[in-house]
Amino acid sequence: MTPSPHAVLAATFAPGETAVTAAMRFTREVMTAWATGGVLHTAEQVAGDLAEQVADEPFEVIWKHFGDAVQVEFRQRSVSQSDPKAPSANVEEWGVTFAGDSRVHWARLTLPGSVDRVAAEWLEERSTGPHWLGFLADASDLLAGTLDPDMVPAIIAQIVVPRLSHWCAVYTSDGAAGPLRLVYLWHADEARIDGLREQLADMDVSAADTSVTSTIHLADSQVLAVPLTARGRSLGMMCLGRPDRFPDEVIQFADDIGRRAALAMDNARLYAQQAAANRALQRSLLPPNEPEVPGLDYGVIYEPAGEANEVGGDFYDLFKAGDDSWRFAIGDVCGTGPEAAAVTGLARHTLRLLAREGYGVAAVLGRLNQAILEEGERARFLTLLHGDITPVASGLEIRLVSAGHPEALRLKPSGKVEAVTTPQSLLGVFHEVVFEADTVHLDHGDVLLAVTDGVTERRSGGRLLDDDGGLAKLLAECAGLSARAVAERIRRGAAEFASEPSADDLAIVVLRAR
Numbered sequence: 001m002t003p004s005p006h007a008v009l010a011a012t013f014a015p016g017e018t019a020v021t022a023a024m025r026f027t028r029e030v031m032t033a034w035a036t037g038g039v040l041h042t043a044e045q046v047a048g049d050l051a052e053q054v055a056d057e058p059f060e061v062i063w064k065h066f067g068d069a070v071q072v073e074f075r076q077r078s079v080s081q082s083d084p085k086a087p088s089a090n091v092e093e094w095g096v097t098f099a100g101d102s103r104v105h106w107a108r109l110t111l112p113g114s115v116d117r118v119a120a121e122w123l124e125e126r127s128t129g130p131h132w133l134g135f136l137a138d139a140s141d142l143l144a145g146t147l148d149p150d151m152v153p154a155i156i157a158q159i160v161v162p163r164l165s166h167w168c169a170v171y172t173s174d175g176a177a178g179p180l181r182l183v184y185l186w187h188a189d190e191a192r193i194d195g196l197r198e199q200l201a202d203m204d205v206s207a208a209d210t211s212v213t214s215t216i217h218l219a220d221s222q223v224l225a226v227p228l229t230a231r232g233r234s235l236g237m238m239c240l241g242r243p244d245r246f247p248d249e250v251i252q253f254a255d256d257i258g259r260r261a262a263l264a265m266d267n268a269r270l271y272a273q274q275a276a277a278n279r280a281l282q283r284s285l286l287p288p289n290e291p292e293v294p295g296l297d298y299g300v301i302y303e304p305a306g307e308a309n310e311v312g313g314d315f316y317d318l319f320k321a322g323d324d325s326w327r328f329a330i331g332d333v334c335g336t337g338p339e340a341a342a343v344t345g346l347a348r349h350t351l352r353l354l355a356r357e358g359y360g361v362a363a364v365l366g367r368l369n370q371a372i373l374e375e376g377e378r379a380r381f382l383t384l385l386h387g388d389i390t391p392v393a394s395g396l397e398i399r400l401v402s403a404g405h406p407e408a409l410r411l412k413p414s415g416k417v418e419a420v421t422t423p424q425s426l427l428g429v430f431h432e433v434v435f436e437a438d439t440v441h442l443d444h445g446d447v448l449l450a451v452t453d454g455v456t457e458r459r460s461g462g463r464l465l466d467d468d469g470g471l472a473k474l475l476a477e478c479a480g481l482s483a484r485a486v487a488e489r490i491r492r493g494a495a496e497f498a499s500e501p502s503a504d505d506l507a508i509v510v511l512r513a514r
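Yeah, the sequence shown ends on 514 if you go by UniProt numbering, and it's all consecutive.
Any given hint could turn out to be false.
[Said to hold, decoys possible] Result set (BS3-like, lysine-lysine): computed pairs, CA atoms no more than 27 Å apart in a straight line: (1) K416 x K473; (2) K64 x K85; (3) K320 x K412; (4) K412 x K473.
Simulated from the structure, these hints should not be mistaken for laboratory data.
Work out the full structure: start from the sequences and follow the hints.
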């Protein structure tokens, strides 16, 4: 939450030759009134730089005093303007924001001595009220707000500086017995970070006690070394530095923050490890390579909708089955996660094994259905479109079976679209089911499109993308495109159909006879 300013002074100016000098004069009056002479020259320079960038319209200059910093805002109606430039003077932050029809070019200056004052004011408030409870609650919210292990050290440092210390260094190790290494360093005075980094290179942080908070002496600083321990494991060290002695209150807060930070760091690491394992599992369920097929131009797109730690249920495959035959498949397992991944792996490996043993597409699906049912309670429903591809003189001959899957569509160069599969039972439901293959011929330039329900059931309000033949209409617009371009057009059409992100996985396979 952005803090409320202690004071605000504003004035409106007309554009023209006097705009810069007028903005600088107003700034000088503001700095004088606020007794902030330490930044007077810099504030005037910043105001002049920003005034030079205003468009030929009236503008408002607003100065805000936040106690430890002052901020200037040049507010103007959003008219066409060139790219903003940073002030030539050294500022803490600067940027451009938009509010309604207004454009705000702003810059922030830290007041000299503000670090000491902020820390002192904070400790004084802590001793007279429940301020510390709010601080710890805010710290917990910030730490819980990310599962990125690289972000946690940065959040730790910016929580404690400048409230508890002038600077903070966070050390972690790659393993339980690995050496501590500096992963993030923050100082209230950013200009001193490089020098501090050189000082810390000579500090033996491993000498600090890893079980309790201890102190280390470093040149002109006293260093408080706070162990980062979670679930009985040492994750690293949080070192806080300040030129004077650490009050007991600060040590108490540092210990509390250290415990919360370590838990957040451990959660982020566990999440990252799980996400990496699931990404590896997801990759193992997709084809390692896609073969060259004579006379075939193909395009595939796969987009899992789940979070990084969740394996999707959609899959596709394209592989060589014989000397002059290739197979393709696109499927959707009910659900997501490890259980769905197990069925996906079973389906993919069964398809490849039986195809290379010479089984036809209908026979392969019959045997796969039995294999899924034999999984018992671990079984999941599976929709699948499986076909073989045989190059012929006039194009491609395709025999395929659709087991409960969205129908495959054929696009002619003329723009005509038609369904080419007969709906049959999905897999993993009935023991006694017999599949029959459809034969489809693709002339040169014909396109076969197969998708999962992440496309056909993309929802916008109460309407699905495939209502009233929506997918066929989208495909009809793709006449004359390459297979890859068709796949991308379908993906983009699904994405644009609704404003919110998709909640379902998406797979697209496009086969085009050259």
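Quick rundown of the hints versus the structure:
| no. | hint | result |
| --- | --- | --- |
| 1 | K416 x K473 | holds, 10 Å |
| 2 | K64 x K85 | holds, 21 Å |
| 3 | K320 x K412 | holds, 26 Å |
| 4 | K412 x K473 | holds, 13 Å |
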